[in-house]
Amino acid sequence: MELETTQTLLARLYTDQAFREALIEDPQSATRQYGLSEEEASQFADIASGPGQSFAQALFRKRFGQNASKLPATRRILGRQFWEAFTKFAGSYNPKGIGRHLYDAIAFSSFLANDYRKPLVAPEWWKLILEYERPGLLAGASPVYFKLRFYRHDILSLYNGVGTDGANQYTGRPQLVVWCRFSPGGKVWHRHFFPRYWPD
Amino acid sequence: MSTVPKSIHSNLPVLGVGMGYRNFYRNHTLPSAEHIDFLEITADHFLGDSREQSQQLDRLQETFTLIPHGLNLSLGSAEGLNRPYLRQLRNLVGRVAPPWWSEHISFTQAAGVEIGHLSPTPFNKAALEKLTENISIAQEEIEVPLILENITYPLRLPWNTIPEEEFLLQLLEKTGCGLLLDVTNLYINSTTHNYDPIALLKNLPSDKVVQLHFVGYQLIEGELVDNHSQPTNDGIWNLLETVLEMFPVKGAILERDGNFPAMNDIIDELARLRKIGRAKSRWN
Chain V
260 MELETTQTLL ARLYTDQAFR EALIEDPQSA TRQYGLSEEE ASQFADIASG
310 PGQSFAQALF RKRFGQNASK LPATRRILGR QFWEAFTKFA GSYNPKGIGR
360 HLYDAIAFSS FLANDYRKPL VAPEWWKLIL EYERPGLLAG ASPVYFKLRF
410 YRHDILSLYN GVGTDGANQY TGRPQLVVWC RFSPGGKVWH RHFFPRYWPD
Chain S
692 MSTVPKSIHS NLPVLGVGMG YRNFYRNHTL PSAEHIDFLE ITADHFLGDS
742 REQSQQLDRL QETFTLIPHG LNLSLGSAEG LNRPYLRQLR NLVGRVAPPW
792 WSEHISFTQA AGVEIGHLSP TPFNKAALEK LTENISIAQE EIEVPLILEN
842 ITYPLRLPWN TIPEEEFLLQ LLEKTGCGLL LDVTNLYINS TTHNYDPIAL
892 LKNLPSDKVV QLHFVGYQLI EGELVDNHSQ PTNDGIWNLL ETVLEMFPVK
942 GAILERDGNF PAMNDIIDEL ARLRKIGRAK SRWN
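Taken in order, these protein sequences are the chains called V and S. Under the working numbering, think of the first position of the first sequence as 260, with each following residue one higher. Under the working numbering, think of the first position of the second sequence as 692, with each following residue one higher.
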C-alpha cells in the first residue's frame with residue numbers, strides 16, 4: 260500500500276465520523292475505491308474501532324472547544340444542544356488554513372442559523388445572540404468590513420447577562436451596533452450607540 | 692542541495708530556559724524578562740497580516756531571541772509539504788533571524804483533508820524517504836537550521852517496520868537536522884507503548900539534540916494525554932534530569948498551552964529547570 264493511500268485513509272477516518280462508521284461496518288466496501296486487500300482494509304477497520312476512534316474524538320473535542328470559545332454566549336444559551344448541533348455540522352465541513360478555527364466558527368454559526376433542523380429549546384431571542392456574535396467573526400476573516408445593525412432593545416446587556424443568574428430579558432433602550440475593520444490586518448472595531456434619553 | 696553544514700549544531704548558541712509565548716501572558720512576558728531566557732513563538736500566530744501581531748513581534752524581538760515553531764508544514768505528507776505555509780514561514784524566519792526554527796515529524800493533511808492536529812506517520816522506509824525529500828525542500832527555502840520535534844502517537848501504526856529510535860537516527864543523519872526532543876512526548880509514548888525511554892535516548896547522536904520541550908500531561912480515563920495543560924509531572928522532571936545529563940542541549944522551552952496558571956508558577960518551573968541544567972553545566 261502506498262504511503263499516500265495510508266495517509267489519505269487515516270486523514271479521513273480521523274476527521275469523518277460517517278466514514279469511520281462505514282469502515283467498521285464493512286471495511287471492504289468503505290475502501291473499495293482505494294483497491295486495498297482484505298487484510299489492509301481490516302487494518303484500517305481495527306484502527307477506526309480502536310485507537311483511531313480515541314484520536315478522532317480528541318480532535319473533535321479540540322475543534323468543538325475552538326468553536327465554543329468563538330461563540331461563547333450562543334454556547335451558554337444552547338448548552339448541550341450546541342454540542343448536538345456541532346456533531347451534526349462537523350462532518351459537512353473541513354476547515355482549512357491558518358484561520359481555520361475562525362472559518363469553522365463562521366460556517367457553524369451559519370449552519371445553526373439556517374440549516375439546523377431540530378427545534379431548539381431556547382429563549383426566543385437566542386438567534387439575536389448568535390447574530391450578535393457573528394459579525395465579529397466575519398470582520399476577523401475579512402480584509403475590510405463594515406456592518407451596522409439596529410436592535411430594538413439593549414442587546415449588550417442581554418449578551419453580558421447570558422448564563423448569569425440575572426433575568427435574561429431583551430428589554431431596555433434600542434441600540435445601534437457597528438462592527439468595522441478599516442484595512443487589511445487592522446484592528447476589528449465594535450461600538451454600541453444608545454439614545455441619550457430613554458424612558459424606563 | 693541545502694547549504695546548511697551537517698555538523699552545525701555544536702556551534703549553535705546556548706539560549707537557556709524559556710517559554711512558549713502565549714497571548715494569555717502577553718502583559719506579563721516583558722515584565723518577567725529577567726526570568727525568561729528566550730521565547731518560542733507559534734508560527735501560526737504570526738503569519739497573518741495583522742498589524743497588532745506585527746507590533747507585538749517587534750516588541751518581543753527587542754528583548755528576546757525568538758524561535759519560530761511551525762505547526763502545519765506537514766513534513767511527513769506523501770503528497771508533499773504545505774508550500775504556501777513554507778513561504779509564510781520563510782518570511783517569518785527571515786524577519787526574526789533565529790539561530791534555528793522547528794517543525795514536527797508528522798503530517799497534518801492528506802488528499803485535501805486538513806486533520807487539524809499533528810498525526811503520526813509510520814516508521815518505515817517510505818515515510819523516511821518522503822520526510823527526507825520534504826525536509827530538503829524546506830531547507831532549500833529556509834537556510835536557517837531546522838530542528839525536528841518528536842510527537843506523541845496514541846496508536847502504533849501496523850505499517851511500522853523500523854524501530855522509532857532507528858527511524859529518528861536515520862532521519863537526523865539523512866537530513867542534517869537537529870532534534871527538538873519533546874521530553875513530555877517521549878515520556879507519554881514510552882509509558883503508553885511500554886518501552887524504556889532511556890534506550891531510545893542512548894541511540895541519539897549527542898550533538899544533535901538541540902532543544903527540549905517540557906510540560907505536564909493529564910491523566911484522563913487511564914490515558915496520558917499531551918494537552919499541555921498541567922504543571923510538569925515528577926516523572927518528566929526525572930527524565931529531564933537524565934536528558935540534561937546525556938545531551939549538551941542549547942535550550943529548553945516550557946510549552947504550556949492551556950489551564951494557564953499565574954505567571955509566577957511558570958517562572959518557578961523555568962527556574963527549576965534552569966537550576967538542573969546549571970548543575971549539569973548546560974547553561975549559566
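Hints are computed from structural coordinates only; laboratory data are not their basis. Remember, it's a predicted structure, so these values are computed and weren't measured experimentally. Just so you know, not all the hints are guaranteed correct.
Claimed, not checked - Rough simulated footprint, nothing fancy, chain S against chain V, three-plus residues with beta-carbon under 8 Å:
id, region
1, 306-312
2, 317-325
3, 354-360
Claimed, not checked - Here are the simulated distance ranges between beta carbons:
id, chain 1, residue 1, chain 2, residue 2, range
4, V, Glu-261, S, Ser-920, 35 to 43 Å
5, S, Ala-970, V, Glu-298, 29 to 37 Å
6, S, Asn-894, V, Glu-263, 42 to 50 Å
7, S, Asp-948, V, Gly-350, 24 to 32 Å
Note that CB positions come from ideal geometry on N, CA and C, so glycine has one too.
Each hint, compared with the structure:
Counting residues of the region 306-312 of chain V whose beta-carbon sits less than 8 Å from any beta-carbon of chain S gives 4, enough to reach three: the coverage restraint holds. Coverage of the region 317-325 of chain V by chain S holds [criterion: at least 3 residues with CB-CB distance below 8 Å; count 4]. Coverage of the region 354-360 of chain V by chain S holds [criterion: at least 3 residues with CB-CB distance below 8 Å; count 6]. The hint said 35 to 43 Å for the Cβ distance between Glu-261/V and Ser-920/S, and at roughly 37 Å that hint holds.
Distance hint for Ala-970/S and Glu-298/V: a CB-CB separation of about 53 Å, inconsistent with the stated range 29 to 37 Å. Against the hinted window of 42 to 50 Å, the Cβ-Cβ separation of Asn-894/S and Glu-263/V comes to about 29 Å, which falls outside the hint. At roughly 26 Å, the beta carbons of Asp-948/S and Gly-350/V sit within the given window of 24 to 32 Å.
The structure fails hints 5, 6 (numbered hints given earlier, in ascending order).
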